[in-house]
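Please arrange chain B on chain A, whose structure you already have, making use of the hints.
Below are the chains, spelled out letter by letter.
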Amino acid sequence: MRRLFAILLGLFLATSVLAVEPEEMLADAALEARAEALDRELRCVVCQSQSIAESNADLAREMRIVVRERLTAGDSDKEVLAYLVARYGDYVLLRPPMQANTLILWLFPAVTLIVSAAGAFIYLRRAPTPAPQPLTAEEAGALEALLAREIDKPELK
Amino acid sequence: MKNVLVLAPLAVFAAIAGAFAVGLTRDPSAIPSALIDRPLPEFDLPPIQGFQQGLASADLKGEVSLLNVFGSWCVSCHIEHPVLMQLAASGAVPIRGLNWKDKPGDGAAWLARLGNPYDRIGDDPEGRVIFDLGVTGAPETFVIDKEGRVRYKHTGPITPEVWEKTLRPLIEELRKA
Numbered sequence: 001m002r003r004l005f006a007i008l009l010g011l012f013l014a015t016s017v018l019a020v021e022p023e024e025m026l027a028d029a030a031l032e033a034r035a036e037a038l039d040r041e042l043r044c045v046v047c048q049s050q051s052i053a054e055s056n057a058d059l060a061r062e063m064r065i066v067v068r069e070r071l072t073a074g075d076s077d078k079e080v081l082a083y084l085v086a087r088y089g090d091y092v093l094l095r096p097p098m099q100a101n102t103l104i105l106w107l108f109p110a111v112t113l114i115v116s117a118a119g120a121f122i123y124l125r126r127a128p129t130p131a132p133q134p135l136t137a138e139e140a141g142a143l144e145a146l147l148a149r150e151i152d153k154p155e156l157k
Numbered sequence: 158m159k160n161v162l163v164l165a166p167l168a169v170f171a172a173i174a175g176a177f178a179v180g181l182t183r184d185p186s187a188i189p190s191a192l193i194d195r196p197l198p199e200f201d202l203p204p205i206q207g208f209q210q211g212l213a214s215a216d217l218k219g220e221v222s223l224l225n226v227f228g229s230w231c232v233s234c235h236i237e238h239p240v241l242m243q244l245a246a247s248g249a250v251p252i253r254g255l256n257w258k259d260k261p262g263d264g265a266a267w268l269a270r271l272g273n274p275y276d277r278i279g280d281d282p283e284g285r286v287i288f289d290l291g292v293t294g295a296p297e298t299f300v301i302d303k304e305g306r307v308r309y310k311h312t313g314p315i316t317p318e319v320w321e322k323t324l325r326p327l328i329e330e331l332r333k334a
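Protein chains in written order, with the numbering used here: chain A, 1 to 157; chain B, 158 to 334.
Chain A with its partners taken away, still in its complex shape:
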C-alpha cells in the first residue's frame, strides 16, 4: 500500500518536472531564472496544452533556446514575449492578453456573475410573501362552524 502510494506520488510529481536540458541552461543563474519563468508563459505550439517549460518536443526546445538567446542579447522579458508573438501570434501566450478581441474572454465570467447575482437579488426582493390578513367576520364564522362539525362527529372505529 505504502509502495503504491509512493509510486502514485512519483507519477504525480513527474508531470511538473521541467523539460529544460542542462546544456540549454544559461550559466548566469539570474538570467536562467528569468528564462524559466518565461518558458512557463509560452505555449508549445505543437503540443498546445503544454508550456515550453514542460514539453520535450523539438520545437519547444528550439523556442527555449531562442528565449535564452534573446535574454542574453539583452532583451527585457516583455521584448522576448513580443518577439515570439510577432512570429506565432497571441496564440503562443498561455495567458491571453487583454485586448479588443479577448475582452469577451476576460469579462464574460465577471459579467455572468454580476448578471446572475442581480437577477437573483431582484427575484428574491420582488416576490415577498404577502403578510397574513386577519379573517373577515364571515370567514371566521365559517371556520367556527367547520370546527364545531369536526368535533361533534363521532370517531370512526
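Hints in this document: simulated from the structure, not taken from any laboratory.
Treat the hints loosely; a few may be bogus.
[What the hints assert, rightly or not] A short, non-exhaustive set of chain A residues, derived as facing chain B with CB atoms under 10 Å: (1) V45; (2) V46; (3) E62; (4) V66; (5) L81; (6) V85; (7) Y88; (8) G89; (9) D90; (10) L94; (11) M98.
[Said to hold, decoys possible] Straight-line alpha carbon distances no greater than 35 Å define the calculated DSBU-like cross-link-like pairs of lysine-lysine that follow: (12) K218/B <-> K333/B; (13) K78/A <-> K258/B; (14) K78/A <-> K322/B; (15) K333/B <-> K78/A; (16) K303/B <-> K218/B; (17) K260/B <-> K333/B; (18) K303/B <-> K322/B; (19) K303/B <-> K260/B; (20) K303/B <-> K333/B.
Beta carbons: idealized from backbone N, C-alpha and C, even for Gly.
Just chain B now, with coordinates in the frame of chain A:
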C-alpha cells in the same frame, strides 16, 4: 414575460452548445498565422547540397507563388509530394521550397528519388527562417502574393481537395489583384 424568462437558461445552454459544436469541427492543430497580410520576414538562404540557387525573401516577389516547407524526415511531406509534382508539371503556380532541418544531402537525395517540384529551394538546417515564419510543423505552405506578402497558410499536406477548394481560388483572386 414570465414565460420568456423561464426559457432563458435553455437559450443560454443552446448558445454554449452551439459554440462548442462549431469548435469541435475545427482543427486545433491549425494555428492562425501571425504573418497573414504582412510581408515575409527578410531572409537569404543558401541552396541545398548539389543545387545552384538558394532562396531569398526577394525571390518571392513579382508573382503569386507557394512557399512550401518540407523535410526528407517528414512523413506527411511524402504524402503531399505527388500533388506538388502535379502542380509543378501543369505549371499551375511556381512552388518555392524551404528544406527544414535536413542533414546535408538528405533533401537533395529525397528530391532525386521522388522528383523536384520546386523552382528554388532554400536550405534551413537550423530552422531559423522557419522560426521567423512561425512554422509549427511540416509540411506547411504559404501563399505569397505579388508584393511578397503572406496571404494564407495551410498546415498539413496539400491534397487535391485543398488545392481545388482553397488554394486555387485564392491564387486566381490574387493574380487579378
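Taking the hints in turn, this is what the structure says about them:
Nearest Cβ of chain B to the Cβ of V45/A: about 5 Å, under the 10 Å cut. The hint holds. Below 10 Å, beta-carbon pairs count as interface contacts, and V46/A has one with chain B at about 5 Å; its hint therefore holds. A hinted interface residue such as E62/A counts as satisfied when its beta carbon comes closer than 10 Å to some beta carbon of chain B; here the least separation is about 6 Å, so the hint holds. With 10 Å as the threshold, the beta carbon of V66/A comes within range of chain B, its nearest partner Cβ sitting at about 7 Å, so the hint holds.
With a cut of 10 Å, the hint placing L81/A at the interface with chain B is violated, because the nearest CB-to-CB distance is about 13 Å. Against a cut-off of 10 Å between C-beta atoms, the interface hint on V85/A holds, since the closest Cβ of chain B lies about 7 Å away. The interface hint given for Y88/A is met, as the beta carbon of that residue sits about 5 Å from the closest beta carbon of chain B, less than 10 Å. Because the closest C-beta pair between G89/A and chain B is about 4 Å apart, less than 10 Å, the hint holds.
Residue-level restraint check for D90/A holds (minimum Cβ-Cβ distance to chain B is 8 Å; threshold 10 Å). Of the supplied interface hints, the one on L94/A is violated, with its beta-carbon coming no nearer than about 14 Å to a beta-carbon of chain B, more than 10 Å. Because the beta carbon of M98/A sits about 18 Å from the nearest beta carbon in chain B, more than 10 Å, this interface hint is broken. A hinted pair counts as satisfied when its Cα atoms are at most 35 Å apart, and K218/B with K333/B qualifies at roughly 15 Å.
For a cut-off of 35 Å, the pair hint linking K78/A to K258/B stands: about 29 Å separates their Cα positions. Between the alpha carbons of K78/A and K322/B the distance comes to roughly 40 Å, so the proposed pair goes past 35 Å and is violated. Note on K333/B and K78/A: the hinted pairing is violated, with a Cα-Cα distance of about 41 Å set against a maximum of 35 Å. For the proposed pair K303/B and K218/B, the alpha carbon gap of about 5 Å is at most 35 Å, so the pair holds.
Our distance criterion of 35 Å between C-alpha atoms is broken by K260/B and K333/B, whose separation comes to about 40 Å. Of the supplied pair hints, the one linking K303/B and K322/B holds, its CA atoms being roughly 21 Å apart against a limit of 35 Å. The hinted pair formed by K303/B and K260/B meets the criterion: a straight-line CA distance of about 32 Å does not exceed 35 Å. Only pairs whose Cα atoms come within 35 Å are accepted, and K303/B paired with K333/B is accepted, the gap being roughly 10 Å.
Against the hints set out earlier in the document, violations occur for numbers 5, 10, 11, 14, 15 and 17.
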